[in-house]
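Read off the chains here:
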Amino acid sequence: MMEAIKTGKQKKYRSKKRVERVSNAVGYTILVIISIIWVIPYIYLILQSFRGEPGAYTSYLIPKEFTFDNYIELFTDTSLFNFPRWYLNTFITAVVVCIIQTIVVLATSYALSRLRFRGRKGLMNLLLVLGMFPGFMSMTAVYFVLKEIGLTQSLVGLILVYVASSAMQYYICKGFFDTIPKSIDEAAKIDGASRHTIFFKVILPLSKPIIVYTILQAFLMPWGEYMFSSLLMLGDQEMFNVANGLRQMLQRENIAEYFTRFCAGAVLVSIPIAALFIWLQKYYVEGVTGGAVKG
Amino acid sequence: MLNLEYLKMNPWQKFIYRAEHFFRRIPAGLKRFFQKLWEVLCGFGMQFVSVFQEVYRAAKDGDWKTRLSFVIMGFGHFARRQYLRGAMYLGFEIIFILYLTLFGWKYLVKMGSLGDVAMAEVFNEETGIFEYVYYDNSMLILLYSVLTIFFIGAFVYMWYQNLRTNNVLQEMAEIGKKLPSTKDALNSMVNEQYYKTLLGIPMLGILVFNIIPIVFMVLIAFTNYDQVHMPPSRLFDWVGMQNFGTILGGTGVTGPAFAYTFREVLIWTLLWAFFATFTNYILGMLVALLINKKGIRFKKLWRTILIFSVAVPQFVSLLLMSQMLGSEGIINNLLKSWGWIEQSLPFLTDGIWAKVTVIIVNIWIGIPFTVLITTGILMNIPADLYESAKIDGASPFRTYMKITLPYMWFVTTPYLINTFVGNINNFNVIFLLTGGNPLSLDYQNAGQTDLLITWLYKLTYNEQNYSFAAVIGIVTFIIIAVISLIFYNKSKAVKNEEEFM
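Residue numbers (the numbering used here), protein chains in the order written: chain A, 1 to 295; chain B, 1001 to 1501.
Among these hints, one or two may not hold up.
[As the list claims (entries may be wrong)] Here are the simulated lysine-lysine pairs, DSS-like style, with alpha carbons at most 30 Å apart:
| hint | chain 1 | residue 1 | chain 2 | residue 2 |
| --- | --- | --- | --- | --- |
| 1 | A | LYS16 | B | LYS1300 |
| 2 | A | LYS208 | A | LYS282 |
| 3 | B | LYS1293 | A | LYS17 |
| 4 | A | LYS64 | B | LYS1336 |
| 5 | A | LYS201 | B | LYS1183 |
| 6 | B | LYS1178 | B | LYS1196 |
| 7 | A | LYS16 | B | LYS1402 |
| 8 | B | LYS1390 | A | LYS16 |
| 9 | A | LYS16 | B | LYS1293 |
| 10 | B | LYS1008 | B | LYS1390 |
| 11 | A | LYS17 | B | LYS1402 |
| 12 | A | LYS189 | B | LYS1183 |
| 13 | A | LYS208 | B | LYS1196 |
| 14 | B | LYS1178 | A | LYS189 |
| 15 | B | LYS1299 | A | LYS282 |
| 16 | A | LYS147 | B | LYS1402 |
[To be verified] Some chain A residues flagged as far from chain B (calculated, every beta-carbon gap over 10 Å):
| hint | residue |
| --- | --- |
| 17 | ASN24 |
| 18 | LYS64 |
| 19 | PHE136 |
| 20 | PRO181 |
| 21 | ARG195 |
| 22 | TYR283 |
| 23 | THR289 |
Simulated from the structure, these hints should not be mistaken for lab results.
Heads up, the beta-carbon is just placed ideally off N, CA and C, and yes, glycines get one too.
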């Protein structure tokens, strides 16, 4: 009797361990498969960017001939597609947008979170409702206006379009400011600090994560934006941003010659952006979950 | 009904109970809504009345300084040594009058007709040939009319403020209070009035680049602004609700085709938003759980691999995928060279295939993102919940359905609503992946994977059919507004009914 119970217990124990081992094995298999699915396209992209053979597509993964020509031609052969110019356009746009948008978002969020004035609720509701209109709808009218004052096909126009409504992204940042205790403000106020001083000397130093998040968002946005820039820069390929430009390389008439160069360009765009993102991902997650997820 | 009785019911009874509850609450809800509406209207009314009271007070009790401010804005401020504010009001008045007389007025009077003559041939005496001369440009008339109306509104507001502050100043002077100096005024800009300093420029940006354009485009929806009515050589005109009739009701020559396209695109947009949101959410969470699972090692490695694909700019991933899945793309080529298929699989060239492909590629794009977001929250789920479930002998599936999902659903509802709305307007995934293709003969200016937003883009960019694009924009707005309202109310209801923690 005792024996039986003992062995039974042992058996159960062992089988439980086995179940765990099997489930772990399944887990690892799934993870390995997932990793392969997620990584292979990028490996393909990198391999193609070094491919020496001409043509758009091959029927094998690994190129027969490796070369740096695609990268070199991207910078030397700029007659049709001026990649360095696109890169510069996007970089300038990103830096300027990043500076202005960060200031605007922080200012709006602070005002809506900390200052009390008539019409505050109404303003927030207005911004909420405005955000429900498709952004592209207002773009048509903005395009006409910019055309009237001659700012289409220029970076100034594009930057204006990007930053003009950045106040509407106050939501996440305001959510963060709301979590900073009000008593800190009050203590500073008793010490005679103005609202301005409180904003710069008290609130901002406490808000590093959300500032980094705002900067990161603002800086990354212009790199992948297609819709607005394609309409605004219509007819002037020199002024394209990288997303718009690289897509031109894949048009039917260009793809045979330019596919490998597209890959090279895509790699060159991805490396700094990915590095930046991975470096600051902690803040990114904090921003998204802190503002959009309420516990 | 007691909580316990509710818990005892089976799912079907629960559903009936909730439905009954829902319908029973409708009258009360409607009543509340109208009460609220009435309150808001009353509030507006009171404000309106107070505006007139203020103006009346300025006219009746005002001294000559205040009364002169009716005509010369800021005069009272100057007379009371409030130079900064006085200059502001006066400057605004001068700019406004100049704008209206020299520029705005001539457009505003034509707003009703949107112009009479677009273009005419005029004989040029000097060169001896006929030349085209452009007269009325409907688009500019409408645009500047809208601008002028906003300007007039701003002027009326400033005029009222001018009188109100005059009243205040007069009162202060009468009871012998010291009037604020310029230094005080500047000081208040970083204190009591700090919100004006902070919000001034951002709100100006919103007004000029968002509100005015949206009003303009909403008006465009009631005109026939398209390729055959294209200024400056042609005029366009008001057509009332005709565009809505065409797109929603199928009236007119192109009506049936447009109405059909609209219905199909709308259905696909909603389907897409639903699947794109929830496949990513649920599958992403499962992957995150798997990585979090006890006993799985190298957690950091798996996460890094996934994070890497979030870090690569989305447009690169999308363009890459569109090439890999093409009929000559590497995936088809590899499958062919392995002898698995004879003909290319129509990943992006067949309607149904393309729709499924888009959703699957979106999963590929979205899962790492969800993993990144949810990992932290998943770790916050109280471990004792899982332990007690384990002791009760719940299977992993049941644990997931009864603990993980409800918890996450509870915590991340706002995020989910944002994602859903974002997906309705997800231009990049569709446009860079398929371009809205494959084209269909039954559709008007749209392909089979086009969302409302990409259709709007195509109508604007390719067809210059601005009036229809505006109608679609308005419809998209209404859909998003309704969905947000329903979901937000629902999430509140959930919170009230079953507090999770």
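### Query
Taking only the CA atoms, is the gap from B:LYS1178 to B:LYS1196 under or equal to 30 Å?
Holds, at roughly 24 Å.
### Query
Is it correct that the beta-carbon of A:TYR283 has no partner in chain B closer than or equal to 10 Å?
At roughly 12 Å from the nearest Cβ of chain B, A:TYR283 sits farther out than 10 Å, so the non-interface label holds.
### 30 Å limit on alpha-carbon distance, applied to hinted pair A:LYS17 and B:LYS1402
At roughly 25 Å apart (the allowed maximum being 30 Å), B:LYS1402 and A:LYS17 satisfy the hint.
### Query
Should the label of A:PRO181 as a non-interface residue stand, given a Cβ cut-off of 10 Å to chain B?
Correct as stated: the minimum Cβ-Cβ distance to chain B is 20 Å, above 10 Å.
### Query
Within 30 Å, alpha carbon to alpha carbon, are A:LYS208 and B:LYS1196?
holds (25 Å)
### Query
Non-interface claim for A:PHE136: all C-beta distances to chain B beyond 10 Å?
violated (6 Å)
### Task
Verify the proposed pairing of A:LYS16 with B:LYS1293, using a straight-line Cα cut of 30 Å.
holds (16 Å)
### Message
Can you confirm whether the C-alpha distance between A:LYS64 and B:LYS1336 stays at or below 30 Å?
### Response
holds (19 Å)
### Message
Hinted pair, alpha-carbon criterion (30 Å max): A:LYS16, B:LYS1300. Please report holds or violated.
### Response
holds (27 Å)
### Query
A:LYS201 and B:LYS1183: Cα distance at most 30 Å?
This hinted pair holds, its Cα atoms lying about 23 Å apart.
### Query
Can the restraint linking B:LYS1178 and A:LYS189 be considered satisfied, given a maximum Cα separation of 30 Å?
Status holds; Cα separation ~25 Å.
### Query
CA of B:LYS1008 to CA of B:LYS1390, is that 30 Å or under?
Holds. B:LYS1008 to B:LYS1390 sits at ~22 Å (cutoff 30 Å).
Hints 16, 17, 19, 21 and 23 from the earlier list are contradicted by this structure; the remaining hints agree with it.
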